[in-house]
Amino acid sequence: MVERDENTSDMFGGAPPAPSAPSLPETAPAADGAAYQVLARKYRPRTFEDLIGQEAMVRTLKNAFATGRIAHAFMLTGVRGVGKTTTARLLARALNYESDTVHGPTVDLSSEGRHCRAIIEGRHMDVLEMDAASRTKVDEMRELLDSVRYAPVEARYKVYVIDEVHMLSTAAFNA
Numbered sequence: 001m002v003e004r005d006e007n008t009s010d011m012f013g014g015a016p017p018a019p020s021a022p023s024l025p026e027t028a029p030a031a032d033g034a035a036y037q038v039l040a041r042k043y044r045p046r047t048f049e050d051l052i053g054q055e056a057m058v059r060t061l062k063n064a065f066a067t068g069r070i071a072h073a074f075m076l077t078g079v080r081g082v083g084k085t086t087t088a089r090l091l092a093r094a095l096n097y098e099s100d101t102v103h104g105p106t107v108d109l110s111s112e113g114r115h116c117r118a119i120i121e122g123r124h125m126d127v128l129e130m131d132a133a134s135r136t137k138v139d140e141m142r143e144l145l146d147s148v149r150y151a152p153v154e155a156r157y158k159v160y161v162i163d164e165v166h167m168l169s170t171a172a173f174n175a
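Counting with full-length UniProt numbering, you get residues 1 to 175 for the letters of the sequence shown.
Think of the hints as simulated: they come from the structure by calculation, not from any bench.
Among the clues, some could well be false.
[Claimed, not checked] Here are the in silico distance ranges between beta carbons for each label pair: (1) Y36 / R123: 38 to 48 Å; (2) A35 / N63: 32 to 42 Å; (3) L39 / N63: 31 to 41 Å; (4) A35 / A66: 14 to 24 Å; (5) E143 / T170: 11 to 21 Å; (6) Y157 / E121: 14 to 24 Å; (7) Y43 / N174: 21 to 31 Å.
Owing to the predicted nature of the structure, the values given are computational and were not obtained by experimental measurement.
All C-beta atoms in this analysis are idealised placements derived from N, C-alpha and C, irrespective of residue type, glycine included.
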C-alpha cells in the first residue's frame, strides 16, 4: 500500500487543485441594490424613438397626437417580436402623460411623467394588461367588459392592452 501525503491529491501524483473562488448566489442583487430584472424588460424601449423598425407607425402616431385626432382604439398586428406589446405600453404612457409643464397626450416621453413609473412597472390602476392566451374564459372577458363602464381613477384615459387576443375562445370573443 502506498501512502499519500497532504500535498498529493490524486493517485497519479498530480498537484492538488487550486482553491476555487466562492461562487455568487444566483439571486444576488445587482451592485446598485436593484433586484434582478428580465433582459426583455430591462432593455424594453422607453420612448417612441427607441422603437426599431417602426418609423412609419411612430410618424403616424405623432401626426395623430399633433392634430388631436387620436383614435379610441388601436389594433397592433405583426409577427412575434416586432414590438406590439411595447408599443401598446408606450401608447398608454403617451395618452396619460402628465407633468408640471405638459397636461395632455404627448409622444415626447423623454422625461418621466406623473403616471409613467406605475405604467412601466405594470401597477397603474387605469392601464390594464390582459394576457388573452391564459385568460380565455367567457367570465373573464365579461368581467373586463363590465369594468369598461367605470371612469378612470387617476389618469386621463383607461387603457386596456389585450395581448394575444387571437387566443380567446369563440365564446369569449362573442361575450
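Hint check results:
For Y36 paired with R123, a C-beta distance near 18 Å fails the hint of 38 to 48 Å. The hint said 32 to 42 Å for the Cβ distance between A35 and N63, and at roughly 39 Å that hint holds. Checked against the hint of 31 to 41 Å, the C-beta distance between L39 and N63 comes to roughly 33 Å, which is consistent with it. Restraint check, A35 to A66: a C-beta distance of roughly 39 Å breaks the suggested window 14 to 24 Å.
Range check, E143 to T170: Cβ separation about 18 Å, and the 11 to 21 Å hint holds. Distance hint check for Y157 and E121: the Cβ-Cβ separation is about 18 Å, which falls inside the suggested range of 14 to 24 Å. At roughly 39 Å, the beta carbons of Y43 and N174 sit outside the given window of 21 to 31 Å.
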